[in-house]
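Position chains B and C against the provided structure of chain A, taking the given hints into account.
Residue numbers (the working numbering), protein chains in the order written: chain A, 1 to 282; chain B, 1 to 282; chain C, 1 to 282.
Among the clues, some could well be false.
It does not matter which identical chain is meant; a pair holds if it fits inside one copy or across any two.
Cross-link-like lysine-lysine pairs, in silico, DSS-like; alpha carbons within 30 Å at most [stated by the list, open to error]:
hint : residue 1 : residue 2
1    : Lys-51    : Lys-279
2    : Lys-233   : Lys-213
3    : Lys-233   : Lys-51
It is worth saying that the hints were derived from the structure and are not from the lab.
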Amino acid sequence: MVSRTATTAADIAAARLPAGTIALWWLGQASFVLRGPTSTFFIDPFLSATKERLVPPPFRAEESPPVDYVLCTHEHGDHLDLPVLKVLAQRSPNAQFVVPRPIVDLLTKEGIAAERIQGVQPGEEIVAGATRLFPTPAMHGLNCPPAIYDFGFELSDGLYRYLGYVIELEGVRIYHPGDTLVFDGLIERLRPFDIDIALLPINGRSYFREQQKLVGNMDEREAADLAAAAGVKLLVPTHYDMFAANLGRPGLLVEYVRSTHPELSCHLPSHGRRFTFMKGDA
Amino acid sequence: MVSRTATTAADIAAARLPAGTIALWWLGQASFVLRGPTSTFFIDPFLSATKERLVPPPFRAEESPPVDYVLCTHEHGDHLDLPVLKVLAQRSPNAQFVVPRPIVDLLTKEGIAAERIQGVQPGEEIVAGATRLFPTPAMHGLNCPPAIYDFGFELSDGLYRYLGYVIELEGVRIYHPGDTLVFDGLIERLRPFDIDIALLPINGRSYFREQQKLVGNMDEREAADLAAAAGVKLLVPTHYDMFAANLGRPGLLVEYVRSTHPELSCHLPSHGRRFTFMKGDA
Amino acid sequence: MVSRTATTAADIAAARLPAGTIALWWLGQASFVLRGPTSTFFIDPFLSATKERLVPPPFRAEESPPVDYVLCTHEHGDHLDLPVLKVLAQRSPNAQFVVPRPIVDLLTKEGIAAERIQGVQPGEEIVAGATRLFPTPAMHGLNCPPAIYDFGFELSDGLYRYLGYVIELEGVRIYHPGDTLVFDGLIERLRPFDIDIALLPINGRSYFREQQKLVGNMDEREAADLAAAAGVKLLVPTHYDMFAANLGRPGLLVEYVRSTHPELSCHLPSHGRRFTFMKGDA
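Just chain A, same shape as in the assembly (with noise of 0.2 Å):
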């Protein structure tokens, strides 16, 4: 048998995708692969074999396919995995990183050169190749306890300090959110981008996991009803399988997305393997 590791390198640095269809690999936690026909993104690429995670990464930066585009959505371990971007940087040497313009000189600090970094604000659009990349807010938090939730701005000189994109690539928009918790003015501001995708965090926030130093995200039944109040066309939990404290329930949000918001589809894809989406699709 061929290793799963093996498998999903060579497939995504294999695939040839037709016009107007992108492919998405998970690889655990809120990590994705992104591809269209012309370019591959990484979306906070977490590939340390860290011996807290509960599903190893489906290959290691060493092995990684080539990639165009690295974004990240903040500086947690698992979602700005530093020596993994250092490798990704040598192996990729043409490879752009995007993160948030708070968090710039973390990157920097690994020797990644400063031009290849942008620094990022919601409101600025971003262009990637033919890809337009749009910053958006998370309501976050650096540690805890005590749990408070923010935009991170007393830490950043009132920057955003923690960010989602929506992504547009071949016409499909894709929304990966970050870490988040629902919050005033998020609805308003996805819907006007008419997402077919959303990568959403599903494991919820409790006292206790807070006590734990885990900061919360919002949960099963929040991220369903955000992906119908936004007009998503297909739901992608995330942030639910990695941790074994941190754990969300996959199966509740199909219960709850099946009785409550119909007209949503989900998918939930197996590490490493690739699903396609078609502009039209859900």
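What follows is chains B and C alone, placed relative to chain A:
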């Protein structure tokens, strides 16, 4: 078939309990009748037949069995059902009322005599016949959005506006938290009571329910974690059954308890049915 | 901390129950201790510390409290734990054993005196002190595959080989079905007993478990539907906790009961913890 209505009220009135034994009847939502051999308590009696109810009250206030003490945790209508309190005061002319001190006047305005009402605060031990009551803080909110969870000090001249109660009856310790999140210091307050039975809300909170003016509670995992951390023996989930927009998930509670806190027993009473507990049960 | 082992055995021995009250301790799987004010019953006592167990026995046979009657439903090792029965017979020299008539010789071969063993069949009412026992049929199988569910007549010269029991103690009626599917006539047999507590297996059956030699049972929805159809008041799920390959899902039971049979109460005891029931409870 005798109606459940007639059955429950008659059953409460008729129950003969041996020493060391208490009986409980769940009336739906957070509403309970608690009896010992010599006294009867109502906790948050919600008996108005409002049209939003999914479950009718097991009996009407006008059919109520005699009551000695009526405890209310806070002023929301599903906990402080004023028309019902007024009728109970008339039907049981010796009944005493225990409520948070800042809302005593809500009862006097209904014509309940001030000398029958005890306005209480955490830290004050109340003697009610052979029973001891210990008011505990609750972290809740009067209105939302915006959702702000606190103790109500600002609305109440520095007093706690939302309460729970630990009730000691026949040596059995019962905790009714009112509506509350889990908050710093709650576990430490509860542990010394060596609580036998905790009647905990499990409906949770979410952004979308807060937008619908539904102030949240702990969810089923937080309730189980709280009960386990506080050393509770028997967990009875509440506040999950009454309003379509604010349901909880008792099956998930049981799944989580059995897999995560196997030392904890759970009881899921049917509405209006008696269940008893002897000191030493669990 | 005192070990659960020491606690449970001592608790059983020490319990003082008022008239009209019975107490139960779940020992895991289908194994229970039942006490009234004057007598102690073991039902399917499975106390051998086999390596496949997920949950250790709450006490060893050698530490067992005194027992008056030992009931076994059929000969599978998690129900008829012969080494344990032998020890119990020695420790409680007046204990009587009640088993299906076709398997009496399994006990005599262990050295338990024939006069201490009552081999029973459905339709025979057994008087056990102040208690009445009513054996009921169970539809099960000895081996699989192939999976053939029947009453065991072919193996037993036309006798029922698998039994359940309705036990009447202090006016409280308890149904322990042994291992069984739901079958024609079972509901009609149970209804006249006006059963208070049903201890029902919920592990279900599946082709794939039958291929692993696991003869099945009713599942959680069948257990709930059976309890409701038979007019049971309190449902206690069993047989879901002990073997990794044969687990049941108590959370789904509770979800189904609450949504489909709200008149039914559920209790989910922790292993080895006492729960009591007074006639009139539900």
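Q.
Check the structure against each numbered hint from earlier and tell me which ones fail, lowest number first.
A. 1
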